[in-house]
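Asker: Those protein sequence lines, which keep their order, are chains A and B. Here the first sequence stands for residues 10 to 182, where the numbers follow my numbering. Here the second sequence stands for residues 343 to 729, where the numbers follow my numbering.
The hints are simulated quantities; they were obtained by calculation from the structure and are not laboratory data. Hints are not guaranteed to be accurate.
[Unchecked claim] Derived lysine-lysine pairs resembling DSS-like cross-links, with alpha carbons at most 30 Å apart:
#1 B:K574 <-> A:K18
#2 B:K645 <-> B:K533
#3 B:K386 <-> B:K419
#4 A:K14 <-> B:K706
#5 A:K29 <-> B:K386
#6 B:K375 <-> A:K73
#7 B:K533 <-> A:K14
#8 A:K159 <-> A:K182
#9 B:K419 <-> B:K574
#10 B:K367 <-> A:K18
#11 A:K157 <-> B:K504
#12 B:K504 <-> A:K182
#13 A:K176 <-> A:K159
#14 A:K43 <-> A:K32
#15 A:K159 <-> A:K60
#16 B:K375 <-> A:K18
#17 B:K367 <-> A:K14
#18 A:K73 <-> A:K157
#19 A:K18 <-> B:K386
#20 A:K176 <-> A:K164
#21 A:K22 <-> B:K367
#22 A:K22 <-> B:K375
#23 A:K157 <-> A:K26
#24 A:K29 <-> A:K18
#25 B:K419 <-> A:K18
#26 A:K179 <-> B:K504
#27 A:K164 <-> A:K118
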Amino acid sequence: MLDAKAIEKTATKIGLKDIKQGKVLSSHDVPNLKYAWDNGVAIGRYLAELKKGKIIGKQCHGCKRVLVPPRLFCEICWKPTDEWTYVKDTGTILTCVVSHINWDASRVKKGQRYHTPAVIELDGAGRDQGILHLIDEIEPYDLKIGMKVKAVWKKPEERIGAITDIKYFKVVK
Amino acid sequence: MGLRRVAIVGAGITKFYRYAQETPKELAYEAAKMALDSCEMTLKDIDCVALGTAPDAFDGVHMNGEYLTDGAGAFQKPFMRHYVGGGTGVMSPIHGWFHVASGMFDTCLVIAEEKMSSAFPHPAGAFLTIFDHTTEQPLFPTLIWIFAIEMHRFMHRHGYTKEEIAQVAVKNKRNALDHPSAQLGAEITVKDVLDSEMMAYPVNRLDISPTSDGASAIILASENVARRVTEKPVWIDGIGYCLDTAYWCNRDLYYPDYVEVAARNAYEMAGIKEPSKEIHVAEPYDPFTYKELHHIEGLQLCKRGESVKMLLDGVTQRDGNLPCCPSGGLLGVGNPIAASGIMKIIEIFLQLREEAGARQVPGKPTCGLAQAWGDLMQVGTVVVMRS
């Protein structure tokens with residue numbers, strides 16, 4: 010049914026240089042939008058505790074999970090969560106990556122360290138449940154799933170109540 | 343349930359390119375017009391329009407659905423847009439199915455469009471804002487990170503290797519050589535995949551589908567209309583869709599539960615008991631090599647941990663027992679997000695009509711499946727079709 014000749018006529022192939030050299034005309038814009046996101050009750054407390062150098066979650070008696078990041082209701086049991094509970098700032102790497110690219114797809118420059126994001130199961134939180142963070146102080150390609158890690162915090166006076174109050178996690182024996 | 347049978351009766355698709363000169367509207371028009379022409383219908387015969395397009399951030403047009411209406415043939419007609427990230431393209435026929443199965447409309451033009459090349463310096467940057475603004479965005483994640491994170495977990499749990507998974511790219515890019523819309527059809531080797539640029543270990547460049555511009559469309563019709571306009575209607579016999587929690591780190595990523603739920607719902611509706619035997623040809627979603635395998639397991643087309651064996655045994659080759667991505671998939675044909683989902687639906691439509699030409703799988707298939715995935719490792723969309 011698909012006619013290759015007809016399909017060939019549906020679109021015109023151009024290249025980036027055609028746009029850059031003005032061979033095909035284009036208009037340009039950079040949207041400049043700014044937002045202030047309210048962090049709400051549960052994440053608000055999470056951030057306040059991070060500022061103190063602690064990681065807090067919330068228990069759900071229904072599914073027996075400790076939810077990190079904490080939320081006011083459990084999305085599985087669909088009921089309010091129960092006690093606030095501190096979890097440790099140590100944990101285990103569930104999965105990890107050695108990224109040669111930055112967020113905008115540009116490449117990590119020569120001499121700079123590759124990014125090593127990981128999903129980390131925190132001690133005291135649920136099994137096979139983690140948070141996203143970065144690992145450092147290790148050769149990127151030495152990183153392995155199952156390694157034990159510990160948070161490296163910013164100095165108290167530098168903390169602002171953000172996930173980045175933890176600078177990164179480092180591998181510990 | 344009092345629902346009516348719904349058939350696919352026509353299909354249209356543009357060429358996929360990294361940069362196409364055409365605007366989103368122009369691409370949408372080409373696909374929609376081709377779909378109408380394919381079943382000798384005109385816009386007057388269309389009762390309603392269902393449109394799928396993924397994040398507005400790619401096209402750079404806020405309210406992209408409304409912007410696209412004229413190219414989508416939707417002026418002065420009942421019109422709805424749906425959006426579930428990468429899962430959008432297979433949600434499109436599901437959305438259209440509701441319109442016709444409900445009895446509200448006899449015909450529906452279902453169209454999907456994506457123009458990713460408008461985002462500079464690279465559309466990957468637009469993905470930053472899909473992550474949680476407080477707990478994740480400050481770490482500057484990329485979409486490739488979370489695929490690499492999921493792929494590594496999948497490999498770790500099952501003991502799969504990069505060499506094995508690379509075979510998906512070899513298969514799909516070769517299949518795409520026979521697809522008239524294809525952007526990246528090629529004969530490549532496992533070594534080419536492993537030697538290609540490392541993006542984020544374990545993901546190499548050739549493990550990833552490209553960014554693309556393109557559009558695709560199908561025409562849905564109720565049984566009485568379908569029998570009138572074509573001798574070869576292809577029936578939508580099962581649909582399923584499921585969304586999991588956005589706390590994607592709080593789930594074990596090695597297995598897509600949401601795909602299993604969507605598939606089981608679709609199979610139940612279609613009366614399928616043993617999917618690995620009853621599905622003759624499949625288009626699982628393959629934006630990354632490992633994703634095809636991950637989804638084959640979620641779709642119950644094999645047991646957990648056995649998808650690599652299926653691949654290495656040749657079962658998923660075009661002449662295998664359960665051909666997967668005979669189109670060439672996203673890895674080979676290209677990945678204009680929503681449009682690539684309908685591309686998969688069109689492939690199964692053509693395979694079941696035995697009109698897939700050089701891509702035709704042997705054995706006169708009568709039952710096929712297309713699936714897509716999307717959002718934050720979160721969405722499964724499944725459509726089961728029969729001739």
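Asker: Which hint numbers doesn't this structure obey?
Answerer: Hint check: 5, 6, 7, 14 and 23 fail, others pass.
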